[in-house]
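Kindly produce the complete structure, drawing on both the sequences and the hints.
Number of protein chains: 2
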Amino acid sequence: MFVEIITVGDELLIGQVVDTNSAWMGKALNNVGFEVIRVTSVRDREDEITGAVDSAMKRADVVLMTGGLGPTKDDITKHTLCKYFGTELVFSEEVFENIKRILANRITLNPLNQAQALVPKDCTVINNKVGTASVSWFEKDGKILVSMPGVPQEMKFNMTEEVIPRLCARFEMKAIVHKTYSVKNYPESALAIALTDWENNLPESIKLAYLPKSGIVRLRLTGRGDNEEEIRAVVLAEGTKLYDILGENILDENDSPLEEIIGEMLKDKNLTFATAESCTGGNIAAKITSVPGCSAYFKGSIVAYANEVKHELLKVSNETLEKFGAVSEEVVKEMVIGAMNALKTDCAVAVSGVAGPDGGTEEKPVGTVWIAAAHGKTILTSKQVVDFGRDLNVERATNNALLLLQKLLK
Amino acid sequence: MFVEIITVGDELLIGQVVDTNSAWMGKALNNVGFEVIRVTSVRDREDEITGAVDSAMKRADVVLMTGGLGPTKDDITKHTLCKYFGTELVFSEEVFENIKRILANRITLNPLNQAQALVPKDCTVINNKVGTASVSWFEKDGKILVSMPGVPQEMKFNMTEEVIPRLCARFEMKAIVHKTYSVKNYPESALAIALTDWENNLPESIKLAYLPKSGIVRLRLTGRGDNEEEIRAVVLAEGTKLYDILGENILDENDSPLEEIIGEMLKDKNLTFATAESCTGGNIAAKITSVPGCSAYFKGSIVAYANEVKHELLKVSNETLEKFGAVSEEVVKEMVIGAMNALKTDCAVAVSGVAGPDGGTEEKPVGTVWIAAAHGKTILTSKQVVDFGRDLNVERATNNALLLLQKLLK
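Residue numbers (UniProt numbering), protein chains in the order written: chain X, 1 to 410; chain G, 1 to 410.
No lab work stands behind these hints, which were simulated from the structure alone. These numbers were taken from a predicted model, which means no experiment stands behind them. Honestly, I wouldn't trust all of these hints.
Just so you know, same-sequence chains aren't split out, so a pair can sit in one copy or run between any two.
Stated by the list, open to error - Cut-off 27 Å, straight-line C-alpha distance, at most; resulting in silico cross-link-like pairs (BS3-like, lysine-lysine):
(1) Lys333 - Lys344
(2) Lys121 - Lys269
(3) Lys156 - Lys364
(4) Lys156 - Lys184
(5) Lys207 - Lys73
Dropping the structure here:
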């Protein structure tokens with residue numbers, strides 16, 4: 001079954017908001033076997049919305065829309081869809097009750113909120129349990145269009161609780177199996193060379209994609225067919241061949257983020273963990289703590305942006321700081337030891353670097369980052385040298401620190 | 001001038017990668033007066049790419065594409081565009097030299113890298129100084145299509161250095177002026193009510209949008225016309241009226257992120273700053289350090305995920321922890337004082353909460369977060385109560401901590 005997604009809102013087109021809805025929806029739909037064939041973002045203009053809706057309805061079986069359902073003037077999706085489907089807005093007592101419930105204890109009900117109780121007449125209205133804009137489910141010529149609020153948490157709730165279950169009940173779908181192998185130590189093209197024979201001999205039913213990101217290439221195998229178990233077996237057989245070729249360079253086969261892989265390793269080995277961060281500024285800690293349940297292994301961090309904090313809280317000696325500079329192998333080694341001592345953990349990572357855009361020198365240009373990972377008395381270090389811009393330098397340093405820890409703990 | 005953006009890649013449609021390119025491009029194009037009217041994401045399939053390209057070329061003056069230029073089999077944008085524009089791939093010695101330069105000291109050159117030196121014959125080839133996939137600039141019937149690599153930093157570099165300057169040289173554009181006012185303390189609909197009269201009296205040349213995000217509503221005024229100074233004057237006059245209505249609730253008028261606003265305040269007042277974080281796990285520090293030059297005011301953080309770290313490094317008394325629990329006003333007050341003492345700063349924020357999904361109790365359900373901001377002996381606290389899911393709870397706590405500090409320093 002083919003799905004198209006349309007996200008509506010001027011803010012998407014002028015780039016003030018990144019459309020994260022469509023990726024989330026794509027993932028959720030894919031998991032249950034729907035194929036998203038196109039995502040379109042359009043402005044809050046009637047003709048542009050109608051144009052996008054009309055061509056999507058021709059290509060796809062299901063069109064899912066988000067956005068343009070807010071209480072303010074610039075939100076026109078509801079009116080536009082009424083025109084497109086030849087219906088009108090009517091007041092829904094049920095939706096109004098829900099709006100009152102949602103807004104209770106938050107703000108005083110106002111006429112704009114009341115207008116959100118106007119819903120298209122000829123459609124199935126799904127009350128939005130977590131927001132004031134209701135979901136409209138239209139059907140026409142065997143095709144389905146669902147309009148949802150653009151607020152991500154409201155969209156996610158309604159997709160999960162209402163839209164996906166209803167779509168699954170409605171269509172009979174081909175089975176789909178994804179398996180994603182995360183590979184380290186290979187740039188994309190070198191990996192493709194290493195896998196040439198394997199790739200050329202992949203069964204017809206399997207599709208392969210290379211997804212490179214910050215030092216890791218994810219290989220995604222997708223199988224489609226009538227029998228899920230058969231497809232899974234075919235996909236897994238290809239995965240076994242991948243292990244024969246790539247061995248320990250395969251980091252993970254569940255498309256888990258690095259912070260989850262690390263978390264599982266720490267839990268399995270019953271180890272506690274801390275970070276000492278300079279240029280990453282807490283980013284490694286934030287990543288580690290994005291995993292629910294991380295309190296089982298993560299105790300905390302010292303973000304030592306100023307040198308005096310490196311000295312006072314992490315006990316990096318002033319001599320080392322002066323002799324080698326804050327961005328040096330010697331300093332990250334003392335930082336990582338200092339983190340384990342101060343936070344009383346079994347292992348730690350430490351990072352110090354020049355994130356940029358300023359602060360570079362000839363000897364240590366912007367992009368230079370030293371990383372250390374330690375488990376007890378064993379310390380590994382690595383150096384990062386290329387400048388990809390401040391944000392990406394930090395992101396790469398974060399990933400490389402976790403990769404170094406993974407190498408150490410393996 | 002109308003622009004459409006097409007982003008290519010299976011990974012976007014199945015949601016393994018969020019398309020951040022189009023938002024970045026939309027913002028950059030908008031700043032120089034181009035209007036992005038549509039963004040389309042399609043899979044790595046010839047017919048789907050061709051379909052999207054063909055209709056975009058009909059609607060827009062300029063079509064900008066990213067993605068599908070990698071060295072591997074699944075990348076087919078270059079071949080597809082050759083077919084569409086009726087041309088063929090030829091070997092470019094100049095592009096090959098660039099590829100060799102880029103890959104020097106990184107990996108051994110392989111046949112797939114060499115194939116990246118094949119470029120469309122009838123187009124302007126722009127050598128990509130930061131990557132191996134070159135940029136192709138096609139022209140047909142007075143319209144322009146530019147195909148760029150999908151790797152964000154490569155796209156950004158080529159947009160900034162090559163594509164935007166060339167587009168600006170090529171077209172004469174209407175002037176455009178944006179002004180974005182960030183408003184706190186108002187939910188979207190309440191704000192719309194407060195602004196009804198003002199909004200109804202906006203001049204024709206001005207467009208208004210409401211952009212709510214984590215407790216702040218950004219009001220974006222966009223003016224278009226022939227004379228930039230005249231438009232700016234009209235926009236600013238409306239801004240002045242906004243101040244009359246909203247007063248101190250206007251946080252900022254430059255669409256600056258909160259971390260930049262805070263950074264400017266701290267610099268202006270010559271104050272140093274630190275954070276003590278439990279459930280935000282370093283996220284506030286990471287946000288603060290995303291601003292270049294933050295070392296002028298930011299000294300560091302203690303991420304105290306474990307209670308023993310709250311006690312040992314932040315000197316939160318065990319009695320307070322036991323009596324009130326880690327998620328309490330009393331504890332964040334001791335944390336914020338502990339942060340100022342341990343990191344020797346003038347001010348600090350502290351956060352402790354139940355991010356979820358687990359760990360909630362009847363008294364302190366998931367979503368409960370206590371926040372403190374301190375400047376010397378003055379301490380403000382606030383409490384966050386609604387559960388929006390782990391990631392969003394952390395994001396909101398981060399924002400609310402910075403808003404509390406802003407209130408304190410104002």
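Hints versus structure:
1. Taking identical chains as interchangeable, the C-alpha atoms of Lys333 and Lys344 lie at most 27 Å apart whether they share a chain (16 Å) or sit on different chains (24 Å).
2. Proximity of Lys121 to Lys269 under the C-alpha cut-off of 27 Å is found in neither arrangement, the shortest distances being 59 Å within a copy and 57 Å between copies.
3. Taking the shortest alpha-carbon separations for Lys156 and Lys364, only the inter-copy value of 25 Å comes in at or below 27 Å, while the best intra-copy value is 45 Å.
4. In this homomeric assembly, Lys156 and Lys184 come within 27 Å of each other (Cα to Cα) only across copies, at 25 Å, whereas the closest approach inside a single copy is 32 Å.
5. When the C-alpha separation of Lys207 and Lys73 is checked against a cutoff of 27 Å, the pair qualifies only between copies, where the shortest distance is 11 Å, while the shortest distance within a copy is 45 Å.
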